[in-house]
Structures are given as C-alpha cells and as structure tokens.
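Undergrad: Place chain B on chain A using the hints.
There are 2 protein chains.
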Amino acid sequence: MKPYRELSKEELLALQEELQAEYDAEKAKGLKLDISRGKPGKEQLDLSMPMMDVLNGETVLNAENGTDVRNYGVLDGIPEAKELMAGMVGAKPSQMIVLGNSSLNIMYDCVARAELFGIMGSTPWSQLDKVKFLCPVPGYDRHFGVTEQFGIEMINVPMTEDGPDMDVVEDYVNNDPSVKGIWCVPMFSNPGGVVYSDETVKRFANLKPAAKDFRIFWDNAYGIHYLYDRPESEQPHILNILEECEKAGNPDMVYEFCSTSKITFPGAGVAAMASSEANVADTKAKLQWQTIGPDKINQLRHVRYFKDINGMKEYMKKHAEIIRPKFEAVLETLEKKLGELEIASWSKPVGGYFISFNAQKGCAKAIVAKCKEAGLVLTGAGAAYPYGNDPEDSNIRIAPTLPSTEELSIATALFVTCTKLVTVEKLLAEM
Amino acid sequence: MKPYRELSKEELLALQEELQAEYDAEKAKGLKLDISRGKPGKEQLDLSMPMMDVLNGETVLNAENGTDVRNYGVLDGIPEAKELMAGMVGAKPSQMIVLGNSSLNIMYDCVARAELFGIMGSTPWSQLDKVKFLCPVPGYDRHFGVTEQFGIEMINVPMTEDGPDMDVVEDYVNNDPSVKGIWCVPMFSNPGGVVYSDETVKRFANLKPAAKDFRIFWDNAYGIHYLYDRPESEQPHILNILEECEKAGNPDMVYEFCSTSKITFPGAGVAAMASSEANVADTKAKLQWQTIGPDKINQLRHVRYFKDINGMKEYMKKHAEIIRPKFEAVLETLEKKLGELEIASWSKPVGGYFISFNAQKGCAKAIVAKCKEAGLVLTGAGAAYPYGNDPEDSNIRIAPTLPSTEELSIATALFVTCTKLVTVEKLLAEM
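Sequences listed follow chains A and B, in order. Mapped onto the working numbering, the consecutive letters of the first sequence carry residue numbers 239 to 669. Mapped onto the working numbering, the consecutive letters of the second sequence carry residue numbers 239 to 669.
So here's chain A without its partners, still in its complex pose:
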C-alpha cells in the first residue's frame, strides 16, 4: 500500500467508502471497552492474591523495631517498608516517607503544603501573584490536573528521546523565580515511554533555580516496570537523581515518588516519597497535623510478601510476561496496518504502561470520538497536555494492559480503522 498522501482524490474517495463500511461493521459488533486509563489487567491482579494470605494466623504484628503495626503512630512508615521502598529508587531509608495507597495523593499533598505553608520557610505559593510549573509534553494528565486545580500556570516543554528539552528547562528554571516546579516521569515516561538520559538527569541535578523553593517532582512510577527480561546491566536505567542532586550541591531540589500500585494492587498498594533528609523533616513537620500515620499493616504485608527489593524485582518479570504480549500485539498491528501509510508514528516502549501514538495534525480528537462512537473509550485526545490542549491535536495515549488479548485485538483493529478513516477524511477536506 502506498502512503496516503500519494493517493489521488478518486483513490481516497474509494478508500473512504471502503473504510466507512469497515467501521460500520466494527461498530455493529457493539463493543463496550474502556481503555482510557493505565490499569493493570485481571491476570496481573491475580498474581498478587497470595499477598492477602501472608499475615494469616499471625498473633503478633510487630515491625522489626517492635512497633505494633496495628496501633496508632509512626508518621513516616515502618523501618522495613522504608527499606523496601528505598530500594525501588536507590534512596537511603532515612530519605523515605512511606504512606498509603496513592503516590498521586502524596504529590498533591506536596503541592498543597507548598501552597499553604511554603517550603522550608519560603512564602506559601498561595500568597504569590504567579506560580508556574514546567510540563514536559506529552505527559501524565493527572499531574497536570493537580497543578491546574491549584491555579498554577503550566508551561509546555517538548520531550525529546532523551527526556525534556533541557535547554528550555534551564532557561525557565534558572531565570524565572515564579517557576516552582516541573513534573517528570523519568523512566518509561507517561505516555512516551522515554527513559531520561544520563546527561538529562545530570542537567536536572545541576539546575540553578531562580526560586530557592523550586522542586523537581520526580514521579518514578515505572522504575522497575520493564517489559523485557534482560540482565539488569542491559536494562534501560536512569541515574539516581537524589545522588546527582547531592553531588551538584542541590540536595533539596527534588521530591521523588514511587509506589507498588502497578506491582501489587492499584487500589491497595504502598506509596512513598524519597527526598533529602532536610525535605523529609520539613514535610513531616507539616504532615504530623494531617495524620497520625499510614496503614502500617499493609506496609508489613508488602514487606512480608516481597522480603526485599530483589524479591520485588524478580516478581516484576511475571508482570512483564503478562503485559509484553499485549504491547507486542498492538505494536505489530499498528506496524502491519499503518506502517506503510505514513499517516502516524508511535512509540515502541520497552517498559511502562503506554504507547504514545501521533496521528496527523488535527486528527486525534476525531479518531478518539470515532472510537467512542463504536464503543471503545480511549484517553481523551489532548489529555497528555496541560489544560487538555494538544496544540497539534495529534497525540493519543494507548493503554494496552487492562483488556484481554482478544478485546485488545478488536480494539486495535477498530482504532486502526478510525485512524485511517479520519485521516482520509482530512486529506479529502484539504483537497
């Protein structure tokens, strides 16, 4: 098949008719599938069911330091949970605050505390005329939702294959004191699957922020979420931002986040924050008024289940075995059905939860709408951009993990048909 742009009007019209028939047939199947979010599938959740039994028949539930985890107290998590979660990001246990089931909640609360009370004695952001965040795009819609909710001005920063465009980042951060933060998913970025290069991480660590309360919000959500089983030395990796910031004399510049949401249970995992000891102290001083402490029983349950970080990493191979075929099925179909048409490009991730798809300019909303009309709910077009506004109307996030292989195959076929049809319609409209 030739690239669409080389087709004549007649060829396009014929194609449109053919695609419309295909679409109508697919629509008639009455599909009802929502793959709008990066949710693990049932088979993945089943993996962790033995964790439900790990505290069976116990009569004592003490942390290693003797704390009864059933009772009140321990603001920042039990020691063994700190150690486990520290292993996920290469931090020291003293740099950890281990909390409940949602790292998004921890991030939101970090922003909320900065708004209400400031960071380490700085002016509360809510008292400033203007607060800005840099937002590498495409990025994670819920990050942008948090900053939008707080009325923080969001500035798009283009993503490259090495991470955010650091020239742009440096220019803003080092010169504009109203820039207080940047959202980063440094490993298998959401949705692009980008792994920040060593150079990018070093440039982050060596920023010279105009605002002393500038913080990098380093959402290391997929730090051990590889799709392929390779020796660790051959896996994609990122530099340890906490260490790099320390080396660069910026120890307090980063808040890092991680969770077991996509390791055990999204609804009942353990989430944590890692940062300098000074940031940890500053955070705990405010956190102590918000809660007496997190669910320590669930922390203990996770530690008993995994034993240590190696146990957790080994476990992630089972997830990979489940989701890798789903990614590969989508990627193969895209390649086979769209590869030669030159009407789209997409990421080929080796980890994380998403495929980032770029249609022709101005087509994304129409494709998502057409899919929805036929029963397939995708993440809203534009969601990966601040204010839901993709200036190119081109990006679509594909989340292959939730559906069964069979559902996914129907969904991908439909998606391809919609992409083709919308593109043809656009080409015709432009003639």
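There's no promise every hint is true.
Which copy is meant is left open, so a pair is good if it fits within one copy or across any two.
[Claimed, not checked] Straight-line Cα separation of at most 27 Å, BS3-like style, residue types lysine-lysine; simulated pairs: (1) 522 / 370; (2) 370 / 524; (3) 610 / 522; (4) 524 / 368.
Keep in mind the hints are simulated off the structure, nothing from the lab.
TA: Just chain B, lined up with the frame of chain A:
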C-alpha cells in the same frame, strides 16, 4: 481524711513529707509507661486479628456492584462500605465518602480544601484576613493542632454537661462572619465524656450562621463506643445532626466524621465523612485531583468481617468488656484516694476513651511533670485547650485503655500521689 483546705500548716508539712517519701518510693520502681494517647490496648487489637484472614483464599475480590476492588478507581468508597459506615452515624449511603485509615486526615483535608478552594464557591479561607474556629474546651488536641497549623484563630467555648455552651456558640456563629467552623465530639466528648443533649443538637442545627461557608466539624469518633452493655434504648444517644440540620433548613451546615480506628485497627481501619449530598458533591469535585481512590480492599475486608452495622455494634461489646474494668479501676482509685480530700474532680464516663481530671487551679502542669519524672507520661497539661493553654492550668486527660491492668494500677497510684503532693505544695506556698 479531711479535706486538704482544712489542714493546718503543720499538718500539711507532715503530709508533704509523707507524700514525698511515697513519691520517692514509687519513682524508685523505675516505671516507664506512656499513656499520653487514647490508644487501644493489645487485647483489643487481638480481637480483630481474624479480620486478617477474612479474604483468605479468595480468587475474586469484587464489590457488590461488580467493581474489582483491587484495581484503581471509586473515589468515594465501595457501596457496601458506604452502607456500613453510614450505619455508624445514621446517614444515608449517598451522604458518605469512605476513605482510608484516618478520620483526622479527612478533617484536615476538609479544612485544607476550604483554605485553598473555598466551600461551594465561597472565597478560599486563605484569602481572608481572619478565619476563626470555635473550640469547646476541654477538647481534642489534634483538632486544635489542625486549626493552629492553618493559622486559624481559636476561641474557647466552655463545655457544660449538655455539650458546648450554646449561648456562646450562637452568639459567635450568628454574628461573626469570620467564624467558619466549630470542632465537636458530640458523643463521649474527648476528654470530658459529655454526650450532647437533644436540645444542644437542635440548637446546633438551628444556627443562623453569619458566614454561609460556616461548617460544624462533627467528629462522631465514639458513636458506638459504650462502656456498658445496656439495651440500646437505655444507652446514651445523640440526635442525628444530619437529619436535624435538614429539618432546620440547614442541610449543608455539617461535616460529620467517623472511623473504625477504635473498632478494628487504629493503624489500618476505615474512615469516612458524612454530609449533605451537595457537600459530598463539592468535596468529591476537589478530591478527584488528590487521589484516584482509597484502599478498597481494606474496605471490603471490613464489610466482610462485620457483615453489617449490627455486627459492628455487637462487636463493640467485646471492646467494652476489655476496657470497662480499666476505667472502673482508675475511677475507684481516684474515689478512694482523693474522694474526701476535695482537691480534684473528674468525669465518670460511660463511653469513649478518656477520663477528664480537674486538679486545683495551677496544679496540672506540675502534676504531669512530677509523673513524668517518675516515668509516667501523661497527655501534656493544657493539651485539651487551643494553643496548649489551659487558663486554669487544671485539666489533665487520663487515657486508661492502653496499659495493662497492672500497669494501670501502678500508674494511677503514682498519679494520685503526685496530685496530692503538688496540691499540698501549692497550699503551703499560698500560706
């Protein structure tokens, strides 16, 4: 023994010497006991251990509406958890938001949201010159900690045996638009054990707040925490504030809170907020940016364990059997050792977690300090007052639940000795 105030100087001096010797002997025992917080004891926590096994061997963990509780989603809790928690406060399930393990966290977040975003479109409190909260005293120190952290001005309201002095409450709430809230523990108040009378609840419901974003923070922490097993009709009760507010045309005036912290596990229970459907909608609209959802597995675990609210109420009788003897032991010792001396008064609670003790004016700090010197940590004197400032320096909160019966007996003996000694010293100093 005669009342102390009738003793001569010589008698007091002799008594002081005797008490000092007693104190020294008790101090020499090297006690190390912290009863500063209202924590359940080990035996109570053991009660709930079978809950750890309730999801054993399950292969499917679905809520009654089919939601897989292991995955992401469900911002406000699963339906059966709403129903269970609604039963605790007599609310409708549609009035519930069921979240994680800490009702304090929910309360803090309610204040934080009001500060950041306002309530139902009102000006965010952080943008106002002055925000005030009424604080019935003595009250719960962590409530006052939250409002202090937000820089909210706290105004003491005296407690009566029917609840807060409603003349004072009405005067402030109905006339001062900067009064935005009041902290209430309506049933077995912390620390006084007061149960708000029907008249008090009705007067609350019929307030005519000068501020339309005034909210009653109704912390129903001990709603089913009776010490005595009586037919429900003979138990202390409070009117349903949600219903009363609705009847009075003030449906949105109250945020109510409850939790299973002192029913199952303080560290791993389920907490909830109950309010009008309009407040619930307003809260969820902001909450959706903070989290994807609470730990639904733990919610399901609680529901499966208790079945329904009757199961939970029945269960509370077992708690009562464990803690009632502790309360009674303390009360008997106080009565026997201090009853005739007329140097102190104390509450005789029939529910809740505390005994509120009033020493002679100006004695509380000294008594707590003397106990501490001998190894017994009590709640800090003044903690039950905003800014930790008890104007009379008289109130001490006794939390009898955590220690074993034996520890409690040693602790009470020491407390009595310290109270006597400090009072004698004061009487001598005033001569």
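Undergrad: So, against the hints stated earlier in the document, which numbers end up violated here?
TA: none
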